[in-house]
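Asks: Please construct the entire structure, taking both the sequences and the accompanying hints into account.
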Amino acid sequence: MSEVEEPRTMTMPATIKNVLQRTRPVADLQVQGWVRTRRDSKDFSFIELNDGSSLKNLQVIAKSTLPEYSEVLRLMTGASIRVHGDLVASQGKGQAWELVADRIEVIGQSDDSYPLQKKGHTPEFLREIAHLRPRSNLFGAVFRVRSKLAFAIHRFFQERGFVYVHTPVITGSDCEGAGELFRVSTTTSAKNPQNDDAPAEFFGRPTFLSVSGQLEAEAFACAFSKVYTFGPTFRAENSNTSRHASEFWMIEPEMAFCDLACNMDLAEELVKYLVRRTREECAEDLELFARFVDKELLTRLDFVLARPFHRITYSEAIELLSASAENFSFPVKYGLNLQSEHERWLTEKHFKSPVTIFNYPREIKPFYMRANDDGKTVAAMDLLVPGIGEIVGGSQREERLEVLRQNMRQHQMNEAEYKWYLDLRRYGTVPHSGFGLGFERMLMFVTGVPNIRDVIPFARTPGNAEF
RNA sequence: UCCAGCGUAGCUCAGUGGUAGAGCGGUCGGCUGUUAACCGAUUGGUCGUAGGUUCGAAUCCUACCGCUGGAGCCA
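Residues in the first sequence are numbered from 1 upward in steps of one, following this note's numbering.
Derived by calculation from the structure, the hints in this document are not laboratory data. Computed from a prediction, not measured in an experiment: that's the story for all the values here. The beta-carbon is built from N, C-alpha and C at its ideal position, and this holds for glycine as well. It is possible that part of the hints are untrue.
To be verified - Here are the computed distance ranges between Cβ atoms for each label pair: (1) 223 <-> 334: 35 to 41 Å; (2) 458 <-> 281: 21 to 27 Å; (3) 204 <-> 458: 31 to 37 Å; (4) 150 <-> 324: 34 to 40 Å; (5) 102 <-> 182: 54 to 60 Å; (6) 419 <-> 352: 45 to 51 Å.
As the list claims (entries may be wrong) - 20 Å max Cα-Cα, derived PhoX-like pairs, lysine-lysine: (7) 56 <-> 17; (8) 42 <-> 63; (9) 376 <-> 333; (10) 295 <-> 352; (11) 148 <-> 17; (12) 56 <-> 119.
Replies: Here's what the structure looks like:
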């Protein structure tokens, strides 16, 4: 097995992850990081050093003969140091390698008010110190996985010939009219609407933070055939749950010449791909989650990889729920939305796996979804996963100009504002489909972390925009 | 927004009408190739905020604030 070498420069010493992967002793290594803990022995100290490159710490041996040993004895948890020394086989149990220091440089001292201890902290407490929590084991793991997952998403689409499109964050349309929007205005017009220097509307019209890039993605899909967006999304809904945030990231593929079945295929393939990649590339971090967050995590992820997803129509879902012996607190009836308890029963009790439900009643879905020939349903689909609920929502889009215009009239929408959207149906219209995947919900699914606030670096939720 | 629960030391919690507590952390000392080390000592509080009841309130009541869980909506 060959040794893993990283490119090294003066300013970028080896990462601790790399150092721990060495297969033989190395002289003259330099590492830098933050002190997790220090234990003093008779003639030397142990320092656990972490630089975020991996869950594991590097054990540093600081002998009392070091000129700077008095400084070492004052090192507090949280301090930053640079260490030069030799990597040798560890005499103790618990680690293969340790770094015997010949020079320790204290870069930034810490003090006893540093809130992170080496012992357990609740996620709720760590949330209050969002600027320091990435230095904890749990959140270090969460945000390493977040990075890997984001990259895996790009990889999935790029490997399949999708074009990455940046849809606008500031939008002029309130889209499907679903959900509350944040208004965008200048500070001057907000403070003083009468200020002559500032136009009442900077953009000459009301503007909002985007709740979805879908409509714009459709335009690009009708040029590039297969596109995807991946960026921040904003919802001003006053919802306070473990699954909602005011600012979150969403992935929205959009495909021309693709019907609902093709759409569902892609959604299921994507979810499986992301699970597989995380399983392969984040094994160490996932084991931490399996130990401390969700004991069933690895079993469930492997199950998702091994088994086909179930796929049923909305009508079939209603029949299954009606026939079940379960005592639901909300009614099960054709024409009503499925409640959380219904989704949970389907994924967690009945199928015990992800389920895609499709062909929903027209009345409970937005204007752009394609009408099916039965006259009652639209080509919509939701992918539900155990523990989270809806993770993907999508549809085949209505590509027939007259049907779309009729839908807009029924939804009392101003056709003039959507002229550009209707143009897509006037000039070379094609059947096309797409969906939205909630990035944080996917991250919750692969990590087992039950609160969305704990998979976002600095979460924005109603009443909370600190940091 | 609705329902429920919780706010006591830096952290996790006990205390449910009568002197404010424990473990962990921090500090000091001891011991030790240690691993969430160990042993001894010590430090540490406007009991979320404001009112009220009472001889007396962390404890009972009211309002507010914050947090958590669930629901709705959604991703």
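Asks: If a hint holds in the structure, say so; if it doesn't, say that too.
Replies: Quick rundown of the hints versus the structure:
no.	hint	result
1	223 <-> 334: 35 to 41 Å	39 Å, holds
2	458 <-> 281: 21 to 27 Å	25 Å, holds
3	204 <-> 458: 31 to 37 Å	32 Å, holds
4	150 <-> 324: 34 to 40 Å	38 Å, holds
5	102 <-> 182: 54 to 60 Å	55 Å, holds
6	419 <-> 352: 45 to 51 Å	48 Å, holds
7	56 <-> 17	7 Å, holds
8	42 <-> 63	9 Å, holds
9	376 <-> 333	15 Å, holds
10	295 <-> 352	16 Å, holds
11	148 <-> 17	15 Å, holds
12	56 <-> 119	15 Å, holds
Of the numbered hints listed earlier, not one is contradicted by the structure.
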